[in-house]
Amino acid sequence: VTQQEEALQLEKTWAPAAGPFRWLSEISHKHVGMRYIITAFIFFIAGGIEAAFMRWQLAKPEHGFLSPDMYNQIFTMHGTTMMFLFAVPMMEGMAVYFVPLMIGTRDMAFPKLNLYGYYIYLFGGLFLYFMFFINAGPDAGWFSYPPLSGPQFSPGKRIDTWAQMITFTEMSGLIVAIEVIVTAFKMRAPGMSLNRIPLFVWSMIVISFMIVFAMPSVMLDSGFLTLDRLIATHFFNRAEGGDPIFYQHMFWFFGHPEVYIIFIPALGFVSTILTVFTKRRIFGYPVMVASLVFTGFMGFGLWVHHMFVTGLPQLGQSFFTAASMMIAIPTGVQIFCWIATIWRGSLTIRTPLLYVFGFFAIFIIGGMTGVILASVPINAQVHDTYFVVAHLHYVLLGGAFFPLFGAFHFWYPKWTGRMYSEKLGKLAFWLLFIGFNVTFFPMHILGLMGMPRRIYTYQPQLGWGPLNALASGGAVFIALSVAVMLINFRISRRSGAEAGMNPWGADTLEWSLPSPPPNYNFVRLPVVAGPNALWDAAPDQPQVVGVSTEKRQVLVTKVLDAEPDHLEDLPTHSIWPFIVAVTTTFGLIGSIFYAWYFTIGAIVTGAALIGWFWAEARKHAKTDPPVEVPA
Amino acid sequence: MNERLLDVSALELETTDSRALLWWGNLGMMVIEGTMFAMLIATYLYLRVANLDWPPSTVPNPDLTLPTVNLLIMIVSCVPMIIADRAATRGNAAAVRICYALCVLAGIAVLVIRSIVVANLGFKWSDHAYGSVVWVSIGMHTFHTLAATGETLLLLVYSLVKPVVKKTLLDFRCTAVYWYFIVIMWLPFYFIIYVAPLLSRKERF
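First to last, the sequence lines map onto chains W and L. Position 415 (the first sequence) corresponds to 415 in my numbering; numbering is contiguous. Position 141 (the second sequence) corresponds to 1141 in my numbering; numbering is contiguous.
Mixed in with the good hints, there may be bad ones.
[Claimed, not checked] Residues of chain W placed beyond 10 Å of chain L at every Cβ, according to the derived structure: (1) D69; (2) M83; (3) L126; (4) F130; (5) L194; (6) A328; (7) F441; (8) A479; (9) G505; (10) E550.
[Claimed, not checked] Distance condition first, Cα-Cα at most 30 Å in a straight line; then the derived DSS-like pairs of lysine-lysine: (11) K619(W) x K1166(L); (12) K619(W) x K551(W); (13) K1162(L) x K12(W); (14) K1166(L) x K558(W); (15) K551(W) x K1166(L).
To be clear, the hints were calculated from the coordinates, so they are not data collected in a lab. All values derive from a computational prediction rather than experimental measurement. Note that beta-carbon positions come from the ideal geometry of N, C-alpha and C, so glycine has one too.
In isolation and in its complexed conformation, chain L is listed as follows:
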């Protein structure tokens, strides 16, 4: 037999970096959700152009304190996530567990503070189109934050009761990337929901 063969048996089995299939799948999901968030911002901007009274005069000026605290928690939570991300590449599951626990706490704090902020917005989704777009934007992002926190918690619990294998490390890393995505996605919304009303009112009056 003089077959020509390409032997690939020496290749690595499973990877934990950006070459893995799951990494690409995760990226795809974020592109889809990112498009969704971009469309929400487009909705806000379109409706803003279509209205002279924006935000409507009945909307109170947003209080910046809690939203800003929340934003800072989100940004700071990326630090343990980055450490977890790096630790996962080295197979250091213990470090991942500690950082993941911190991130779960941060996620819960963000969700609690956000529900307080939302309860005190001073308007409802059914009051006007401004209310609709703000509530739906916050709702969409909160839903994703909840999912990311749940995912982090799930992996944490899993890694405490079951052996960590190479696939788990990849799961750790994909979850970390998703966490960054959730944080980055909030930045434009923080600006348009809490800062833009203050700026545009100053301009007008």
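Looking at chain W on its own, in the form it has when it is part of the complex:
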């Protein structure tokens, strides 16, 4: 059988879903991943519009553009959208798209579950925005502390909406985490031992483990809040033995790792982009991996530094100060490794690399204000001021958003088969870099001047007007930059130069495929000879044969050294993930209005799950040989 014949057969076997429900039942990881990315980007634009509204409101003292109540909803929606509906799902989408490609397999371990996770995320996000548009958007901040968010001070459905949206997004996050762990550990191409996994995939493995241990905490926490509000439990009611501070512990036990869940994938982007544009293997690969893992562990030991003003014991504060300063070490190690990589590399200054440089500049400033904030006395002074707003935007936008935009440009040719316009790319970068600093740098000063967070306006005598006006002006540049990037991508999609397979001369496996990659990814699964798969490949690098092309078959390998172990058949597309997502949504949304809907939802979902199982099992009963049953 020639390669061409194999490719033709694979084309048939891995053909996209057909029929009236094809759009609802397509399970290919690239399809699902791209949906995550596009959906998250739309939510990003929504969150950006909310930010623009806030900047317009704050541009001058005593501005009457937004009412106090609307302002509360808008800043809550902004934070919630950016953290839960944009940042994490975006990173997850990148993982869903690229992890199978980078490790050399055909799909993720559980493709149908993958699609279910996407729908749960989508429905949760739509639910939040639907409630916002009918004036029932949450209004107690992105972390909704009780007692403010409790039944006494927040009647109505606003906070319930927020808390249930958490259930949706965290469920989808947990699903992707398990997908990534199993896929990256069990489905790597032969030869890709643990010490040859691309750094981007390593970063996704680390955050997946973090998600598994962090997200249950916030699901439980927001669940307690919902129960307090709906059926009068007393988890956070001091009068009946509960404790509102406990909410904060549970929230930040998730919330601090969450920051790293957003930031660590970005470190993966940076390493990937730097390797390619310096034409050099990353300096200190084992140390880089160790730093990622160490950051993952340490991320769980910092949560109390968000709670320094809650009156915790001194000893605890000292411990968490020390831990917060310690986490600068692995990040510092990585930055030095990157500098060492750049040092002897031959730099090609393209847009993705510019974004990486932007990341260095901005993230290092954010990191330094982070070390400042880790000190308890300073923290107590600037707590809840714009200094914190400045810090968190420097670390999150600098640390995640810049590398992400770099990654968009880097992989744009792989996604579309076309090159983007370098000129527009660089223009967008400079608009963003300048706009970002003009917007957020003045916030440091505003914070030191005493401007509190989450105020809808301020008096002219306070003297905060000019810097606020400057910050609002900067926001215009950020918006322009995003617009230029989108225009660039839109135009290039039609008229960009043909990209070919590997326009950058990059080292990871996805660049050995046509752009965009076919549904089955690889005609023959690759065999990997080093950490930079394509650079290390011999001219006659072996290929895997013997994986069935008639079925959606994948090769399962061993965890440590990726030796071939056995073969498994993956499922084909199915409508059931969508149906189960609908019933889950029905139960979860219904339950915030009437508790019995939870039970009804559970029964309906149980029934739908049986349908899911039965349909899959029937397929196997038809094709697989029955096993012997000794009497």
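We have chain W; now place chain L onto it with these hints.
For chain L alone, coordinates are given in the frame of chain W:
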């Protein structure tokens, strides 16, 4: 053509042991749920430290009989599950069916006895934070027990009407592992809900 090829066609198709993808997925789910249960225990311990009157003096001393019977049923139910688990590796579907039927009965018994216990706890979730954490802990675990029993029943019914293939054997085994998980998870809750109140009251008075 002098291609170098790595032929994997001789490898086993599907496995029923810990190398299978589904096995890992199942493990992942249990880690997630285990974290959830660990957080519930943390909630109990935190609230206990935050209160002087714990359990509140209005809470009657728990009656140990039924909860202990229930715990024993759960532990004993692991025996048929282990037999089913082993039988599945040998492809002995008949033995799996018998053991699964026993486990479904055990699961139903556990659920019935637990609802009697819960109805006689003597306090409600809305009475105080102690009530909240105890009710939610029991509720969460009961929900999982219900799911595990339902899953076992589903597989039992399936294996009675459809041919058992290798994937079904793997399903049998993953369900068995999930069953052990549900039983093990109850142990700390049994202790903190039914035993700890007796111990802490003795200390105080």
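Hints, one by one, checked against the model:
Under the 10 Å C-beta cut-off, the non-interface status given to D69(W) relative to chain L holds; the minimum distance is some 30 Å. The Cβ of M83(W) lies farther than 10 Å from every Cβ of chain L, with a closest approach of about 20 Å, so its non-interface assignment holds. With 10 Å as the threshold on Cβ separation, the claim that L126(W) sits away from chain L holds: the shortest Cβ distance comes to roughly 25 Å. Residue-level check passed: F130(W) sits 28 Å from the nearest beta carbon of chain L, beyond 10 Å.
Under the 10 Å C-beta cut-off, the non-interface status given to L194(W) relative to chain L holds; the minimum distance is some 16 Å. For A328(W), the condition that its CB be more than 10 Å from all CB atoms of chain L holds, with the nearest at approximately 27 Å. The beta carbon of F441(W) is kept farther than 10 Å from every beta carbon of chain L, the shortest such distance being approximately 39 Å. Listed as a non-interface residue, A479(W) keeps its Cβ farther than 10 Å from every Cβ of chain L; the least gap is roughly 39 Å.
G505(W), annotated as away from the interface, keeps every beta carbon of chain L farther than 10 Å; the closest lies near 24 Å. At roughly 12 Å, the least C-beta separation between E550(W) and chain L is larger than 10 Å, which holds for a residue marked as non-interface. Note on K619(W) and K1166(L): the hinted pairing holds, with a Cα-Cα distance of about 13 Å set against a maximum of 30 Å. Taking the CA atoms of K619(W) and K551(W), the gap is about 12 Å. The hint holds against a cut of 30 Å.
Restraint check for K1162(L) and K12(W): satisfied, since their Cα atoms lie roughly 29 Å apart, inside the 30 Å limit. For the hint pairing K1166(L) with K558(W), the CA-to-CA distance comes to about 20 Å; that is within 30 Å, so the pair holds. Distance hint between K551(W) and K1166(L) is fulfilled; the C-alpha atoms sit about 16 Å from each other, no more than 30 Å.
Comparing the model with each earlier hint shows no violations; every hint is respected.
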